[in-house]
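*Asks:* As they're listed, the protein sequences go chains H and Y. 1 is the number of the first residue of the first sequence in full-length UniProt numbering; add one for each residue after it. 1 is the number of the first residue of the second sequence in full-length UniProt numbering; add one for each residue after it.
Quick caveat, the hints were computed from the structure, so don't treat them as lab data. One or more of the hints may lead you astray.
Repeated chains share a single entry, so a pair holds when one copy, or any two copies, can fit it.
[To be verified] No farther apart than 30 Å at their CA atoms in a straight line, the calculated lysine-lysine pairs in the BS3-like style are these:
| # | residue 1 | residue 2 |
| --- | --- | --- |
| 1 | Lys49 | Lys233 |
| 2 | Lys233 | Lys209 |
| 3 | Lys57 | Lys34 |
| 4 | Lys233 | Lys57 |
| 5 | Lys209 | Lys57 |
| 6 | Lys34 | Lys49 |
There are 2 protein chains.
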Amino acid sequence: MANPTAAMLVIGDEILSGRTRDANMHFLAGELTKQGISLSEVRIVADEKPQIVAALKALSTSYDTVFTSGGIGPTHDDITADCVAEAFGQSIDVRADAAALLQAHYDASGQEFNAARQRMARIPEHATLIDNPVSVAPGFTVENVHVMAGVPVVFQAMVASVLPTLTGGAPLLSQTLRIDRGEGDIAGPLAELAAEFDDLSIGSYPFQKNGAFGANIVIRGTDGARVDAAITKLAGMFE
Amino acid sequence: MANPTAAMLVIGDEILSGRTRDANMHFLAGELTKQGISLSEVRIVADEKPQIVAALKALSTSYDTVFTSGGIGPTHDDITADCVAEAFGQSIDVRADAAALLQAHYDASGQEFNAARQRMARIPEHATLIDNPVSVAPGFTVENVHVMAGVPVVFQAMVASVLPTLTGGAPLLSQTLRIDRGEGDIAGPLAELAAEFDDLSIGSYPFQKNGAFGANIVIRGTDGARVDAAITKLAGMFE
């Protein structure tokens, strides 16, 4: 289970205020799982520089790869690029390569490449750009941190260009068995199963539906035959 | 803007693997905002003791109140209570008050109060119990940390019993204006507005729909007249 690890940092007030519901985290979690990369931690912080810088430092030290979403647009509350520069001790300014991409885009569409839009070309000095096929303004990578937009369609496009550059692990296979009994009935046998199959990850996700309790038991591992064997044994326990 | 602050710690692999999509965070964010409490940070960590303990210590030190969800059921992957005890240097064992609640419940329903179910009565020594009107197994509070179940219907019931015990702030009022222009056109005037109304929080949440760009501008504050004045001025800017 030595798959590469990843963390995600979601930047912005909109999820914390309950205004919107996360979409990017759910998307990234699914994509990383397919690649055999374990999403190990997610943090959501407000548009506050000290919080963002502290989270960037903590996550980039603890995990192989970090993805951020949000805060790289042209408005006054978009401070992610400056925070990344500070966290990694790099200078930041409007960079020629990013400005050229945006200038060409706005020239072609007859829009002004104004001061606000030039903010989107502020990139830390040693960053490499991440392609944005949707709306041009690039994301960027600094060391092991990939900085991406928060708008879901742009976030997803940036993930698609970053993922092939990462070293994945063995794909994590997963099988689920729904058991219509309370976890209190399931827990004893399940603990024995977890002890026997200690190379697998066995999780119990309880639910309540129409007043009845049950749990989805999810068994994950990189060896399909072992996952099969465990789920078969589990099914036999609750026939 | 000196409203009380809160953080949330979501414990469990199911969101990190992309298997399920968060519901509790979204619910709690909305409830806290109504109470005038700022949800300032959310962390999601896997069922791993060192990660959970570290997050509990960091969040309980940094924020007025912390809510956790998940990991207090009867199965082998439910380790939250033990982590809370460790984070706060308290001992933990099956506690008589919690065991009595559960014993009565299982006696009444003719189910066995077995070893697995007794796990749900493991409560840190100095914790106070949080009522669970749905499925009896209690949550608990240690210092400024409220430990709650992950099943949404139970989580919501526990939030309902904890919230009235907290000191809220002035309710945060919010108005939103949708502007069907790219953020690059909006950003300049919006920065001026934010400078003029620096007692308010002004956020820009861009979207893309059918190929067209726009942004929802959300203005928040505790003084309704100021929020009105700012949104009126904003609307005038983009007529």
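*Asks:* My question is about Lys209 and Lys57: at a cut-off of 30 Å on alpha-carbon distance, are they close within one copy, between copies, both, or neither?
*Replies:* Neither. Shortest intra-copy (42 Å) and inter-copy (34 Å) distances fail the 30 Å Cα cut-off.
*Asks:* Within a copy, between copies, both or neither: which one fits Lys233 and Lys209 at a CA-CA cutoff of 30 Å?
*Replies:* within (26 Å within a copy, 48 Å between copies)
*Asks:* Indicate which option fits the pair Lys34, Lys49 if close means a Cα-Cα distance not exceeding 30 Å: within, between, both or neither.
*Replies:* between (33 Å within a copy, 25 Å between copies)
*Asks:* Checking Lys49 and Lys233: alpha-carbon separation at most 30 Å within a copy, between copies, both or neither?
*Replies:* between (51 Å within a copy, 28 Å between copies)
*Asks:* Pop the pair Lys57 and Lys34 into one bin, within, between, both or neither, using alpha-carbon distances up to 30 Å.
*Replies:* Answer is within; shortest intra-copy Cα gap is 27 Å, inter-copy 32 Å.
*Asks:* My question is about Lys233 and Lys57: at a cut-off of 30 Å on alpha-carbon distance, are they close within one copy, between copies, both, or neither?
*Replies:* neither (44 Å within a copy, 39 Å between copies)
In this structure, the earlier hints numbered 4 and 5 are contradicted, and the remaining ones agree with it.
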